[in-house]
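Trainee: What follows is the residue order along each chain.
Protein chains: 2
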Amino acid sequence: MASNSSSFLGHRGFGIRPSKSSLPPAWRSHGICQCVAAPSEQTAYNTKVSRNANMAKLQAGYLFPEIARRRSAHMLKYPDAQVISLGIGDTTEPIPEVITSAMAMRAHSLSTVEGYSGYGAEQGDKNLRAAIASTLYGDLGIEETDIFVSDGAKCDISRLQLLFGSNVKMAVQDPSYPVYVDSSVIMGQTGLFQKDIEKYGNIEYMRCTPENGFFPDLSTVPKTDIIFVCSPNNPTGSAASRDQLTQLVQFAKDNGSIIVYDSAYATYISDDSPRSIFEIPGAKEVVIETSSFSKYAGFTGVRLGWTVIPKELLFSDGFSVAEDFNRIVCTCFNGASNIAQAGGLACLSSEGLKAMKDVVRFYKENTEIIVDTFTSLGFNVYGGKNAPYVWVHFPGRSSWDVFAEILEKTHLVTTPGSGFGPAGEGFIRVSAFGHRGNVIEACKRLKQLYK
Amino acid sequence: MASNSSSFLGHRGFGIRPSKSSLPPAWRSHGICQCVAAPSEQTAYNTKVSRNANMAKLQAGYLFPEIARRRSAHMLKYPDAQVISLGIGDTTEPIPEVITSAMAMRAHSLSTVEGYSGYGAEQGDKNLRAAIASTLYGDLGIEETDIFVSDGAKCDISRLQLLFGSNVKMAVQDPSYPVYVDSSVIMGQTGLFQKDIEKYGNIEYMRCTPENGFFPDLSTVPKTDIIFVCSPNNPTGSAASRDQLTQLVQFAKDNGSIIVYDSAYATYISDDSPRSIFEIPGAKEVVIETSSFSKYAGFTGVRLGWTVIPKELLFSDGFSVAEDFNRIVCTCFNGASNIAQAGGLACLSSEGLKAMKDVVRFYKENTEIIVDTFTSLGFNVYGGKNAPYVWVHFPGRSSWDVFAEILEKTHLVTTPGSGFGPAGEGFIRVSAFGHRGNVIEACKRLKQLYK
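Same order as they appear, the protein sequences are chains C and V. Counting in the numbering used here, the first sequence runs from -3 upward without gaps. Counting in the numbering used here, the second sequence runs from -3 upward without gaps.
Read the hints as simulated data drawn from the structure, not as lab findings.
When chains are identical, the list treats them as one kind, so a pair holds in a single copy or across two.
Within a straight-line C-alpha distance of at most 25 Å, the following computed DSS-like cross-link-like pairs (lysine-lysine) qualify:
no. : residue 1 : residue 2
1   : Lys249    : Lys44
2   : Lys165    : Lys44
3   : Lys381    : Lys353
4   : Lys53     : Lys165
Next comes chain C alone, as it looks inside the complex (with noise of 0.2 Å):
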């Protein structure tokens, strides 16, 4: 290889490699970020470049590496423990073989003349565009044009906070998908975190308990420029009714504010609920909704998703909030891989539908299982019904301790509710993605520790 990376690059040798750095091995190890914000050592140069104030607003690493690092201290602790991991909501099932064929088949397409394509249009594949839109939202009014492909739904966020800029204030569901709320403050739209309530300034958390059913009382909200809302929610599992998404449509109306509708998880509802909020009439004019193949057809480390913005979308001045989006899409992004793409047009044919449902049912079913583990023991248990989710009460507690004790006790990885939010303490998010054996296990594991 060396003498072919030499020939390749010109004339530069390659040597041995070099010693490893002074930094601490949990950097290092196991490929897993340490994304703890710690000045490091004084070396001897600084550049004069100030670091950027709000990315030293975030109090600690994002959530799921925080987890993961754990995870691997403990695994170090205990090399023959078999840990299970219900704790980030990572798809864990093979995708079917209709949709990785059609990928496959692509990817080998790539090699040849009448097949290879460069440059896809930043907005995605046109007939992806146009399956999207029919087959999700064909009655809704909503069209191909509305439609932005991307490599996935946090992404997205990240795309829509660089559209919105530092002027604007949101509302948030508390608890919810910290991206949201990291995304609000590295974009500069937030002050700094308030210790004592956990919360950053100039963000309103709307509060989401088991009282008012996981659904903000919105009469306490106060106006915010734009509002986030996750159903079927992350972490709480709750999805949103046709009338609590016609008084939020309303309440959005009222204030002249624009709702981002996550709905990543909408596949995973069992009753009537909405599955998409331009279900309800008028949400053209004030919401953005943002989904994912991830938990749909196992896409997490493929990369593939979609943001709708209506026509009708449109801010203060009249100028098209679907127009700018356009702007940042051709400017920071390049769009999602052709492959992936070819995967979401076979996910979203008649075989591919049938094979994804296959998929989330099974994740329904273990959701099921966790459910009644947790029932049975006496806990109050929320969610489960329409998301993969399962949000157990523990009154009193503090989350992170229940997460170390089950982590200790039971070698599970969940994830500690207060990690979502301040309204989250107390609480634990259990994911429902695994193995069926897993599962099962780790439910065994549970009754053992809580019986």
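Using the hints provided, position chain V relative to the given structure of chain C.
Mentor: The following block gives chain V in isolation, referenced to the frame of chain C:
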């Protein structure tokens, strides 16, 4: 499909596609976005969310969709014309099979229990990071953990801007890849566009012309926080020498600046020019290097790149730049597609390197043909030797006029130099990506036009 979708998604029926919106036809035709910033006609409802003032600063659509729009208009006007594009730097030749087979195999593996994986590390697959470090930076003291794998350099530029925040000032080469300036505007680092000089306020434009060998005279460049340099250069095709880069590193060190070095075209270098700025002693304390598989491996649609942030690079307070970028990557991104990464690993195998070399040689041969053509016509021609871009001088002429003339009279798409900055005025960029037959035909037409 409809009935399966209905059962997949619930009780929602699927009706007839709604009527077309009232947007101008160009918005909906050919899947090409019309990125022009013009307010929509007043409809019944505007939200109260102010448009991001930074977006309003942008003068027009991103450059290449603008070119695409003109090309589309031209094709409507001349439906039988054989339009050949030597405009956007879009690869055209098939990806070598050793690489696509690896991607196809990875796709298939996602359908197996042993092969399936979900979320990858946001920083990239460990093996790929290691391969990039050892194969491309092996003797330069760059380690696996300094490498952040991405979905491409264009996307990384915006994540770097998010990292830097709005309170930094950039210097760019003039002319330069439009993403550097546009992303700076979007991030709020700049002032308004000054039409008389065709520059945004608060950016330092470092003029690069034939007179200074397309390398800025650093003695005339004021201090800025960030300095964007691309070498080999898009659009001028010029590669910086070891001396020039040594000066640049010293300049950054004297000023405490951070260089963002875009080496996406390094494989096109024919002479002794450095492939990586890390060949320069001291660079690790002042440089971030970004690169891409796009022009190496035809991955423009597959989407894969990387950014190197040495551990030695520190903010003024001693905080590690890589730690903050890692936080950005963990929060605003979810990793490059696992299938694309499998392709990247195959690219860096000895067989893959050999195969990529052949493709790059093909494009370099195209470049020679183009250089010879313009030279034989008596033009002053730049670039071409170390890059797939040829920078042709049309002294005294407006580059958009020359672009239009070439398009109208020869049905060839090129890129007007002023699209890359005011010092690009009077130049046309001709890219060398194309099927050999098209490149030969294009040159024939140019000879006809300019004989």
